[in-house]
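Peer 1: Heads up: the sequence lines are chains A and B, in that order. Read in this note's numbering, the first sequence has 88 at position 88, and its numbers run on one by one without any break. Read in this note's numbering, the second sequence has 9 at position 9, and its numbers run on one by one without any break.
Treat the hints with care, as some may be off.
Among chain B residues calculated to face chain A with C-beta under 7 Å, some are [claimed, not checked]:
hint	residue
1	T22
2	V26
3	A29
4	C41
5	Y44
6	N47
7	L50
8	L59
If you're looking for bench data, these hints aren't it; they were derived computationally from the structure. All values derive from a computational prediction rather than experimental measurement. Beta carbons: idealized from backbone N, C-alpha and C, even for Gly.
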Amino acid sequence: MSNFFMNPFLKKTYSLRNLIILISIIFLLMLGACSHFQTMTPAKKYATVRTAFNEMVRQYIDQAKLQPEDVRAKLRENVNPVIKDAEKALDKYFESLTLPGDDPDARLAYYLDLKNQILKLCLKYGLKIAAD
Amino acid sequence: MNEKQAQVLLNLITLGNAMLDTALKVKFAVDKIEAMSDEECDRYNENQNLISDELMKELDTI
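Pulled out of the complex, with its shape left as it was, chain B reads as follows (with noise of 0.2 Å):
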């Protein structure tokens, strides 16, 4: 295996790495979500919405 080809074999192990690190945690926190009562899920969505907030500003800072 030449050097091209292990960057692109590394490039490949952390694209899936990524998204199954982020899938992962995305799927316990639908099960989390599916738990949960009306009012807790109001009250996640309301935490969420700052959430979104602080990343909108943080892209500003890459």
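Same shape as in the complex, but just chain A (with noise of 0.2 Å):
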């Protein structure tokens, strides 16, 4: 994998936008995609989100050093807040979760809300990066 996106070709042409869509994607995959999400233990939830999150992250470090330094600066100055947000993010879900007598439902909406809400702001910084 590190192989392909070292070839100097993809290096050159890997553009920013394509960061933040992949990013976005990413994000809506760790969120949406475990089918067997809303049946877990709240223990096994958070195991799932965080781990899809750590490699969202890894993902975006690693494809964010092969990019030129005036592109990492944006990439430090408008995406790395909307990334260190939603880690906080994360962990204001799961202290939800483990509020007593909490409504599933409720707790659902929480979800999605917020789910919403990263997306808002990735696609927000995304369009203001890709604009520039």
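If you follow the hints, you should be able to join the two separate chains into one complex; please do so.
Peer 2: Written as structure tokens, this is what we have:
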């Protein structure tokens, strides 16, 4: 995989916009693609989402490091804060899961709302950078 | 196919490759998580939290 990204032609053409789209899509995968997610225990849900989040960030870091300095500067300024916010938001979501007597429907609504907020943030910054 | 079309195609392939790579890693991890006991899962979560902390620090180095 890393050899694939080291291809000089690919490295040159791999645009910032695609990076943003990539992290948005992986976030969607991470929050929506696990078919057993709703039937898991809270600890296993946490493990699933945390693992996917870590994989997404690993992928982002590896690819961002291949970008030229000016692009990396934009990523540091615009995308890194989104990822850090998302990391905090994940913890916030799982804190809500441990509330006593919490309604499963309310938790699901909270989770969907959180996912939408994160995606909006990713898209907002993605479009802003793509327009530059 | 001109150079621009080739670039678009390469970008699409790259994106698809990266998405599949991540999705597969997560799928294997989910299979492992589902088979874990509660204690194993707690230990796994502690380890993942440490990895997250390291990644958040590494973010500043890109």
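Peer 1: Could you run down the list of hints and mark each one as holding or not?
Peer 2: For each hint, the structure was consulted:
| no. | hint | verdict |
| --- | --- | --- |
| 1 | T22 | holds, 5 Å |
| 2 | V26 | holds, 5 Å |
| 3 | A29 | holds, 4 Å |
| 4 | C41 | holds, 5 Å |
| 5 | Y44 | holds, 5 Å |
| 6 | N47 | violated, 10 Å |
| 7 | L50 | violated, 10 Å |
| 8 | L59 | holds, 5 Å |
Of the numbered hints given earlier, the model fails hints 6, 7; all others are met.
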